[in-house]
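Protein sequences, first through last, are from chains A and B.
So the first sequence is residues 0 to 252, counted in numbering that gives the first Met the number 0.
So the second sequence is residues 0 to 352, counted in numbering that gives the first Met the number 0.
Some hints here could point you the wrong way.
[Claimed, not checked] So the derived list for chain A, only partly shown, Cβ under 7 Å to chain B, looks like this: (1) Ala-26; (2) Pro-154; (3) Arg-223.
[Stated by the list, open to error] Restricting the straight-line Cα-Cα distance to at most 25 Å, the calculated cross-link-like pairs of lysine-lysine (DSS-like) are: (4) A:Lys-141 <-> B:Lys-122; (5) B:Lys-261 <-> A:Lys-141; (6) B:Lys-312 <-> A:Lys-141; (7) A:Lys-141 <-> B:Lys-26; (8) A:Lys-217 <-> B:Lys-270; (9) A:Lys-217 <-> B:Lys-132; (10) B:Lys-312 <-> A:Lys-144; (11) A:Lys-144 <-> B:Lys-196.
[To be verified] Ranges of calculated distance between the beta carbons of each label pair, as one might list FRET restraints: (12) A:Ala-114 <-> B:His-155: 41 to 49 Å; (13) B:Gly-241 <-> A:Leu-67: 51 to 59 Å; (14) B:Val-281 <-> A:Ile-213: 53 to 61 Å; (15) B:Val-320 <-> A:Leu-67: 16 to 24 Å; (16) A:Ala-23 <-> B:Ser-130: 51 to 59 Å; (17) A:Lys-187 <-> B:Asn-242: 55 to 63 Å; (18) B:Arg-218 <-> A:Arg-223: 47 to 55 Å; (19) A:Val-190 <-> B:Pro-264: 52 to 60 Å; (20) A:Ala-23 <-> B:Asn-1: 48 to 56 Å; (21) A:Phe-171 <-> B:Asn-242: 29 to 37 Å; (22) A:Ile-213 <-> B:Glu-322: 54 to 62 Å; (23) B:Arg-229 <-> A:Ile-213: 48 to 56 Å; (24) B:Glu-116 <-> A:Phe-171: 43 to 51 Å.
Read the hints as simulated data drawn from the structure, not as lab findings.
From a predicted model like this one, the values you see are computed outputs, not experimental measurements.
Ideal Cβ placement from N, Cα and C applies to all residues, glycine included.
Here is what each chain is made of, one letter per residue.
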Amino acid sequence: MYSVFLWRKGFRKDDRANYFLILAAFALHTTAMIERGFSISACPVNNLFEATLFIAWTIAASYLIFGLFHRLRFLGVFASHLLFFMGVFALMPALDPPRSSTPDFSGTLISLHAALILLAIGAFGLSAVAALMFLTEEHDLKVHKLRAAFSLLPPIQRLERVMNSLLVCGVFLFTAGLAISPFLVRQKYGVWFKNDPLLDYSIFIWLFYLGLLISRWKFGQGGRRFAWSTAASFAFIMLTFWGFLLLSQVHHP
Amino acid sequence: MNVVVIGLSHHTSPVELRERFAFAESKIPAALNQLRDSGLASESVILSTCNRVEIYAATALLPAKAFSELTHFLVRAVGAGFAPGPKAIYTLAEPHSLRHLFKVACGLDSMVLGETEILGQLKDAYTLAHSHKHTGARLNKAFQRAFNVAKHIRTHTNIQRGSVSVASVAVELAQKIFSSLAERQVLVIGSGEMSEKVARALVSRGVKKIVIAGRSLERAELLAEEFSGRAVRFEDWAGEFGNIDIAISSTSAPGYILDRAKLEPLMKLRKHRPLLLIDIAVPRDIDPAVNFLDNVYLYNIDDLQAIADDYLKQRKEEIRVCEGIIDQKVSQLRNAECGMRIGSTPQGVPRAT
Numbered sequence: 000m001y002s003v004f005l006w007r008k009g010f011r012k013d014d015r016a017n018y019f020l021i022l023a024a025f026a027l028h029t030t031a032m033i034e035r036g037f038s039i040s041a042c043p044v045n046n047l048f049e050a051t052l053f054i055a056w057t058i059a060a061s062y063l064i065f066g067l068f069h070r071l072r073f074l075g076v077f078a079s080h081l082l083f084f085m086g087v088f089a090l091m092p093a094l095d096p097p098r099s100s101t102p103d104f105s106g107t108l109i110s111l112h113a114a115l116i117l118l119a120i121g122a123f124g125l126s127a128v129a130a131l132m133f134l135t136e137e138h139d140l141k142v143h144k145l146r147a148a149f150s151l152l153p154p155i156q157r158l159e160r161v162m163n164s165l166l167v168c169g170v171f172l173f174t175a176g177l178a179i180s181p182f183l184v185r186q187k188y189g190v191w192f193k194n195d196p197l198l199d200y201s202i203f204i205w206l207f208y209l210g211l212l213i214s215r216w217k218f219g220q221g222g223r224r225f226a227w228s229t230a231a232s233f234a235f236i237m238l239t240f241w242g243f244l245l246l247s248q249v250h251h252p
Numbered sequence: 000m001n002v003v004v005i006g007l008s009h010h011t012s013p014v015e016l017r018e019r020f021a022f023a024e025s026k027i028p029a030a031l032n033q034l035r036d037s038g039l040a041s042e043s044v045i046l047s048t049c050n051r052v053e054i055y056a057a058t059a060l061l062p063a064k065a066f067s068e069l070t071h072f073l074v075r076a077v078g079a080g081f082a083p084g085p086k087a088i089y090t091l092a093e094p095h096s097l098r099h100l101f102k103v104a105c106g107l108d109s110m111v112l113g114e115t116e117i118l119g120q121l122k123d124a125y126t127l128a129h130s131h132k133h134t135g136a137r138l139n140k141a142f143q144r145a146f147n148v149a150k151h152i153r154t155h156t157n158i159q160r161g162s163v164s165v166a167s168v169a170v171e172l173a174q175k176i177f178s179s180l181a182e183r184q185v186l187v188i189g190s191g192e193m194s195e196k197v198a199r200a201l202v203s204r205g206v207k208k209i210v211i212a213g214r215s216l217e218r219a220e221l222l223a224e225e226f227s228g229r230a231v232r233f234e235d236w237a238g239e240f241g242n243i244d245i246a247i248s249s250t251s252a253p254g255y256i257l258d259r260a261k262l263e264p265l266m267k268l269r270k271h272r273p274l275l276l277i278d279i280a281v282p283r284d285i286d287p288a289v290n291f292l293d294n295v296y297l298y299n300i301d302d303l304q305a306i307a308d309d310y311l312k313q314r315k316e317e318i319r320v321c322e323g324i325i326d327q328k329v330s331q332l333r334n335a336e337c338g339m340r341i342g343s344t345p346q347g348v349p350r351a352t
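One chain only, chain B, in its complex shape (with noise of 0.2 Å):
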């Protein structure tokens, strides 16, 4: 019995062909009964995201035929009306299909890489099949190892540390300042799209009280209604700063609305307490001078997309270790069962060596 799979990917395709063979949850079920009554696969899970359609079966038939067959009934499962190209679509026997399946579920094949919600959609994919008794002794054996080498990859690498976008960063920061962000209080000045990101960013990891100046009033209260804050006059946004512990600023102004003459008065308003400045506009808001005075951090947007890079760069060094690692887990795997097979060798049939 042979592990194979089949998919496409966004490494292989666009999102107008991925979205074609897409595999609606409710109608999963309905296609591991089907690939199994067929005789093309005795074990089968099907994994349907955004970024990749893949069935990965235990087979019987050898892998050409195997992928020949399992190409048709994806076209013909999904209702696609055509079959993929030949780039579109990768075929894979063991050991090389085990080892894509550990990638895939340490984030190595995906499209933000080290990301960890393709473990959860796999986990949910493996989970369904498990359900409806669609998988064996290789497939249980094969994806419990590969949720296990995920975790490990997570305890012993850096894969998975840090943020790739800027949004995330400018939230990591703000992390390494306050001791909770659920008691922040965030102004947004400006309200571009970036700084909405941002904003949005913040919320998600607890801050509650969000206030937005904008120019158009309209706007600054319509996002405000979003986020459950409050809006106020763009003239008005320096009132705030007492109260504030993180400012957004991304504002169309031709030079800098705050500098160091501004901000010094207002820092002892504020007790000294620290400050995080993250200025997103281009041309720059915020006069650079700023980050002298004691207690305010300021980012700007190349500083962010600089770290979101760096952090991008450490992920890809460590590819490697990581690659090391499944290759091993891969063997080990494939030794243990290899042993299993021997090991249950009817009597008197000699024993492979």
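Only chain A is shown next, with the shape it has when bound in the complex (with noise of 0.2 Å):
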């Protein structure tokens, strides 16, 4: 909630209480992590519910580094945004089953499809903030706001660039992901493909990111349009992954 004050006031100054309120918070996430370690006699790591808590973490880590420079500390504003959107998504049914004997990405191959998947998401959240970012200065250089020449974010082309690449990095990473499904289904399943929910979501996700990056290669694709797409499509997967996730056989059997 100060966040967005913060952001509604611009991003001109370095703001210690709201990297106090990150700092605080971080003590508590980690606290809480070194808990659940103890508690399983292991790195927490071992579920989506774990992975995304663990990479908000290391986002909180990161902000905390990058906000000891007074210049870069309105960066906050956004990780906030994220981190709590990440908290929330974290929290939806599903992500954390009772916990078996065996961790349940014991294999390389499901270890490796699972990090390339979070990681691909990582990417498409990412630039989802870059998306975010953009559209902020955009809209106070298209309105002439003051904080639009006052503010520290980045030039809106850079943005752009970024938001771009983070885009090929999470598509490039989210391809390798998927293709990894059919040896594992091949292995529980002895076919290559089997149908399923969350299968059926991730090749529309892959495609309608495919579909973003074409139009923006093709047909000039950019700005506003482009920004307003990649922060949806992030949101729309925010919103989604946790219910095919919980209509997935393949991953529930």
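Two independent chains are provided; combine them into the complex using the hints.
Encoded structure:
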């Protein structure tokens, strides 16, 4: 909530209050992760819930380091929103199933598949953050707000480039993660393909992002529409991924 | 030993008067020698810029006596032949002299509030005096502290943030849109004084390619030569839109020379690359409706002036914060010096309480 006010104020001043709020949350988060780690006698990165929270923890840690430089402290406004949504996402049902005696991601191929998909979602998430920065700054420039000139945000052209690069990176990782799926299905069911809601959903997401990139390369799609598509598609993933995971038979036999 | 200041600045005297009392840089070492030889000051620094002429001196004389002697010295040294009126010259003793020095270093006493050029000029003046051994414990400490305070204020306040001129605001906006100005191409339509200023400001920030379209091709060519750019006929400016990134327009046309219907197909040619339009003309050259197009950012003279005014307003709001910091730093300096003097009191002499 505090970050929303900071966002409205513009990004001109480093804000210690926001920094210390994130620092306090980080301390609590670290304590919770340590507690969980001791309770399961392993590093707490065994399922999607833990993996999401681990990524959130690394983002918070990175921000706290960047935030030591007062010119970069404004990034906390974006980091806190991202961390909040990741926290909400992690609380969705089915991401933290009751623990079995063996870790969920015990196989190399499964671990690689999960890691690639998670990294891809991370890249899409960061691209969405760059898109939000772009939309904020673009709006300020359009309506001639003083904060457009005063803010510490990078130039919109650079943000667009960052958005694009992260999307390319995300699609590449997502493709690699998806490419492993047939091997996993064959290991488990003896067939190369098994119809599954999460698999269909993943293919839809993959096609959507691929389409987004093609429309940019082929038709010069850029600027505001590109940024809106990037931000909205990530919000869509955040809101729907858990639902399809819940429906999936392959991931929860 | 008291640190005193006498001087004239843009606050107290017009340029006609300031120029009569200005020191040529080559004459400053001799003037500093005279100050020491006459017993007026054991340490001194002379700052002479287009906006101020000031003598900072550490002297054993009482302030009133020092001010009168330094004023006579100033008149003699520059050969002005007359003394400036009491309102034109200011005289300050401690702690006001130190506060003034700190304010000057921070740009709080400058014509353009918060500007940084004065800090460089002050450093040069100090270095000159220091290299000729005209500074000692008092002025060294005072000037070093002034430079530190200026750095502190630049880092911790917004006094130097933003641009307060229309041309600089235009450059700043361009930097918010484009990753690098060095590869950007600028089109100047009409060769008015303000568009020239904006173009010059852009060139100073790295722009290399400038195209000038003027009704008088001869004048456009002259201007293009100055910017190492090229000139085109006024009728041909629209043909350049495929390549340019920034357009500055200041023609005397009675109506819009660029509207949405004209720009829309041109934007397709540009493959939707961002375009910054700066319309400095009155009446305006560019239809405000073009700002509704994607990737087009239009600013007219009022928009730029409003941003410059807001910046200035924000700088003024920071003055109180800066003065608070300066007061604190002056007290710290004086307390430290006082402590050192007490610490160096000879044995047997009771210490001041």
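Taking the hints in turn, this is what the structure says about them:
1. Ala-26: violated (27 Å)
2. Pro-154: holds (5 Å)
3. Arg-223: This interface hint holds because 6 Å falls under the 7 Å limit.
4. A:Lys-141 <-> B:Lys-122: This hinted pair is violated, its Cα atoms lying about 41 Å apart.
5. B:Lys-261 <-> A:Lys-141: holds (20 Å)
6. B:Lys-312 <-> A:Lys-141: OK: Lys-312 (chain B) and Lys-141 (chain A) at ~22 Å, within 25 Å.
7. A:Lys-141 <-> B:Lys-26: violated (53 Å)
8. A:Lys-217 <-> B:Lys-270: holds (10 Å)
9. A:Lys-217 <-> B:Lys-132: violated (69 Å)
10. B:Lys-312 <-> A:Lys-144: holds (15 Å)
11. A:Lys-144 <-> B:Lys-196: Holds, at roughly 23 Å.
12. A:Ala-114 <-> B:His-155: 41 to 49 Å: holds (43 Å)
13. B:Gly-241 <-> A:Leu-67: 51 to 59 Å: violated (45 Å)
14. B:Val-281 <-> A:Ile-213: 53 to 61 Å: violated (45 Å)
15. B:Val-320 <-> A:Leu-67: 16 to 24 Å: holds (23 Å)
16. A:Ala-23 <-> B:Ser-130: 51 to 59 Å: holds (52 Å)
17. A:Lys-187 <-> B:Asn-242: 55 to 63 Å: holds (57 Å)
18. B:Arg-218 <-> A:Arg-223: 47 to 55 Å: violated (39 Å)
19. A:Val-190 <-> B:Pro-264: 52 to 60 Å: holds (54 Å)
20. A:Ala-23 <-> B:Asn-1: 48 to 56 Å: holds (51 Å)
21. A:Phe-171 <-> B:Asn-242: 29 to 37 Å: holds (33 Å)
22. A:Ile-213 <-> B:Glu-322: 54 to 62 Å: holds (58 Å)
23. B:Arg-229 <-> A:Ile-213: 48 to 56 Å: Roughly 37 Å apart at Cβ, these two residues miss the hinted range, so it is violated.
24. B:Glu-116 <-> A:Phe-171: 43 to 51 Å: Given a distance of about 49 Å, which is inside 43 to 51 Å, the answer is holds.
Hints 1, 4, 7, 9, 13, 14, 18 and 23 from the list above are not met by this structure, while the remaining hints are.
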